[in-house]
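Q: Using the sequences and the hints, build the whole thing.
Protein sequences appear in the order of chains A and B.
Just so you know, the numbering used here puts 267 at position 267 of the first sequence, and the rest follows in order with no gaps.
Just so you know, the numbering used here puts 55 at position 55 of the second sequence, and the rest follows in order with no gaps.
In case anyone wonders, no lab produced these hints; they're calculated from the structure.
Any given hint could turn out to be false.
[To be verified] Result set (DSSO-like, lysine-lysine): computed pairs, CA atoms no more than 27 Å apart in a straight line: (1) A:Lys-99 with A:Lys-52; (2) A:Lys-99 with A:Lys-172; (3) B:Lys-27 with A:Lys-56; (4) A:Lys-172 with B:Lys-27; (5) A:Lys-51 with A:Lys-320; (6) A:Lys-320 with A:Lys-52; (7) A:Lys-52 with A:Lys-329; (8) A:Lys-56 with A:Lys-329; (9) B:Lys-27 with A:Lys-99.
No experiment lies behind these values; they were computed from the predicted model shown.
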Amino acid sequence: MQLIRAAAVALLLLPATALAAVLPDDRADLLYHYYDGGGVTIDGPSLLVRKKFAEKYAVNASYYVDMVSSASIDVITTASPYDEERTQYGVGFEYLRGKVTYAASFSNSNENDYNADTASLSISQDMFGDLTTVSLIFSRGWDDVTRRGDATFEDTVDRRIYGVDISQIATKNLVLGLSYETITEEGFLNNPYRQARFVDVDAALGYSYQAEVYPRTRTGNAISFRGRWYLPYRAAIQGDYRFYTDTWEIQGHTAEVSYTHPLDDEWTFDVHYRFYTQNAAEFYSDLYPREDFQNFLARDKELASMQSHTLGFGVAYEFKSSMLSFLNKTTLNLRYDRIRFDYDDFRDLRVTGVAPGTEPLYTFDADVIRFYFSGWF
Amino acid sequence: MRVARLAAAALLLVAASGCSRVEPWVKPYERENLADPIMAWDRDPVSSSYMRHVYDSREGARGANGGAGGGCGCN
Numbered sequence: 001m002q003l004i005r006a007a008a009v010a011l012l013l014l015p016a017t018a019l020a021a022v023l024p025d026d027r028a029d030l031l032y033h034y035y036d037g038g039g040v041t042i043d044g045p046s047l048l049v050r051k052k053f054a055e056k057y058a059v060n061a062s063y064y065v066d067m068v069s070s071a072s073i074d075v076i077t078t079a080s081p082y083d084e085e086r087t088q089y090g091v092g093f094e095y096l097r098g099k100v101t102y103a104a105s106f107s108n109s110n111e112n113d114y115n116a117d118t119a120s121l122s123i124s125q126d127m128f129g130d131l132t133t134v135s136l137i138f139s140r141g142w143d144d145v146t147r148r149g150d151a152t153f154e155d156t157v158d159r160r161i162y163g164v165d166i167s168q169i170a171t172k173n174l175v176l177g178l179s180y181e182t183i184t185e186e187g188f189l190n191n192p193y194r195q196a197r198f199v200d201v202d203a204a205l206g207y208s209y210q211a212e213v214y215p216r217t218r219t220g221n222a223i224s225f226r227g228r229w230y231l232p233y234r235a236a237i238q239g240d241y242r243f244y245t246d247t248w249e250i251q252g253h254t255a256e257v258s259y260t261h262p263l264d265d266e267w268t269f270d271v272h273y274r275f276y277t278q279n280a281a282e283f284y285s286d287l288y289p290r291e292d293f294q295n296f297l298a299r300d301k302e303l304a305s306m307q308s309h310t311l312g313f314g315v316a317y318e319f320k321s322s323m324l325s326f327l328n329k330t331t332l333n334l335r336y337d338r339i340r341f342d343y344d345d346f347r348d349l350r351v352t353g354v355a356p357g358t359e360p361l362y363t364f365d366a367d368v369i370r371f372y373f374s375g376w377f
Numbered sequence: 001m002r003v004a005r006l007a008a009a010a011l012l013l014v015a016a017s018g019c020s021r022v023e024p025w026v027k028p029y030e031r032e033n034l035a036d037p038i039m040a041w042d043r044d045p046v047s048s049s050y051m052r053h054v055y056d057s058r059e060g061a062r063g064a065n066g067g068a069g070g071g072c073g074c075n
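A: Set out below in structure tokens:
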């Protein structure tokens with residue numbers, strides 16, 4: 001999870017920095033985020049500031065903190081609850097020349113047992129009468145992995161991401177999007193604390209644990225399509241689909257539909273539903289028949305066969321305040337998502353006294369809140 | 001990875017092949033609706049990037065989240 005966390009957050013800076021032909025507005029966002037689900041609580045602040053100069057140059061800076069309090073099912077069954085903090089900062093620069101935008105960014109994510117540096121480059125061009133925007137993205141990441149309480153353990157991850165993104169105006173009310181991305185990773189790709197489970201008739205529970213062993217390489221490919229339609233009245237509806245496949249033989253499908261409805265000039269409401277499903281990684285098992293059953297061993301529920309459902313709501317309120325008169329526009333925003341995770345082959349080991357492998361399947365709900373202030377200047 | 005490189009090269013060729021010849025079928029003055037903020041792929045990056053982080057940390061799939069283009073062409 002830490003590996004993906006580091007890569008994902010760094011990559012996610014790109015969409016904000018890869019706008020073509022027009023540099024993003026001068027804007028500052030201050031956000032509080034809160035996640036509560038599966039025994040894990042994560043909250044903290046996030047700040048994103050963007051400023052352009054002479055309509056040709058733009059800089060952005062971000063700061064993000066995760067304060068984690070974890071008593072997840074993995075932690076409860078094989079370790080002790082813990083608290084930790086992760087801090088991330090990022091900086092970016094953009095240069096607009098004609099219809100081409102060049103962007104470069106760097107981010108660092110740091111926690112007590114994991115450090116991730118990511119550098120990204122992108123180029124975006126408007127073409128065909130500005131109906132089409134094509135972006136090429138390259139990102140490189142260098143991670144250092146350590147393990148608390150084990151000074152002898154140290155490893156690395158090398159990550160490269162190649163991406164293409166196309167945005168196409170189809171009609172005066174419809175925009176289409178297509179994205180393709182290849183992600184290659186090499187190094188220590190599992191969580192150094194997580195353990196695999198195997199049948200052990202000598203153990204009181206009927207099973208024991210051993211360290212996970214993952215392949216040291218992983219290559220994933222993702223392709224996505226989306227369309228956003230301006231409805232006959234002032235509102236918008238969007239549909240998204242993504243297909244993902246990788247060398248660990250995970251295939252995932254993501255589908256989402258969202259609706260945006262402004263009310264007067266002050267309020268904007270959003271509602272969306274998202275569905276995700278995947279099969280398990282080829283080497284994953286909830287319970288191996290014996291110790292060292294195969295070369296690779298994993299019991300990470302992220303690699304299990306699973307589905308998630310999300311229902312989310314958002315409201316934005318545009319307001320004016322004499323204290324903030326130096327800002328051109330100000331909004332307060334609240335977004336709430338409820339996510340349900342269901343696993344097909346990851347069992348709830350809090351239940352004991354039953355035959356190993358017959359425990360109930362694990363499932364949990366998560367509440368996710370973002371409350372933020374946005375100011376344009 | 002090779003596929004990605006080939007795709008990138010193909011796109012660059014397209015970009016260099018005289019895009020001014022294409023007559024835009026949606027004229028600039030017809031893009032009022034597309035320019036409405038509610039039509040942005042990613043209206044609040046600080047919020048959407050956080051949600052992707054939530055999913056990427058708990059699901060096997062990642063990448064191709066899109067939204068890089070903007071696509072309005074309103075300038």
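Q: Taking the hints in turn, state whether each one holds.
A: Quick rundown of the hints versus the structure:
no. : hint                    : result
1   : A:Lys-99 with A:Lys-52  : holds, 16 Å
2   : A:Lys-99 with A:Lys-172 : holds, 21 Å
3   : B:Lys-27 with A:Lys-56  : holds, 25 Å
4   : A:Lys-172 with B:Lys-27 : holds, 8 Å
5   : A:Lys-51 with A:Lys-320 : holds, 21 Å
6   : A:Lys-320 with A:Lys-52 : holds, 23 Å
7   : A:Lys-52 with A:Lys-329 : holds, 17 Å
8   : A:Lys-56 with A:Lys-329 : holds, 22 Å
9   : B:Lys-27 with A:Lys-99  : holds, 17 Å
The structure meets every hint from the earlier list without exception.
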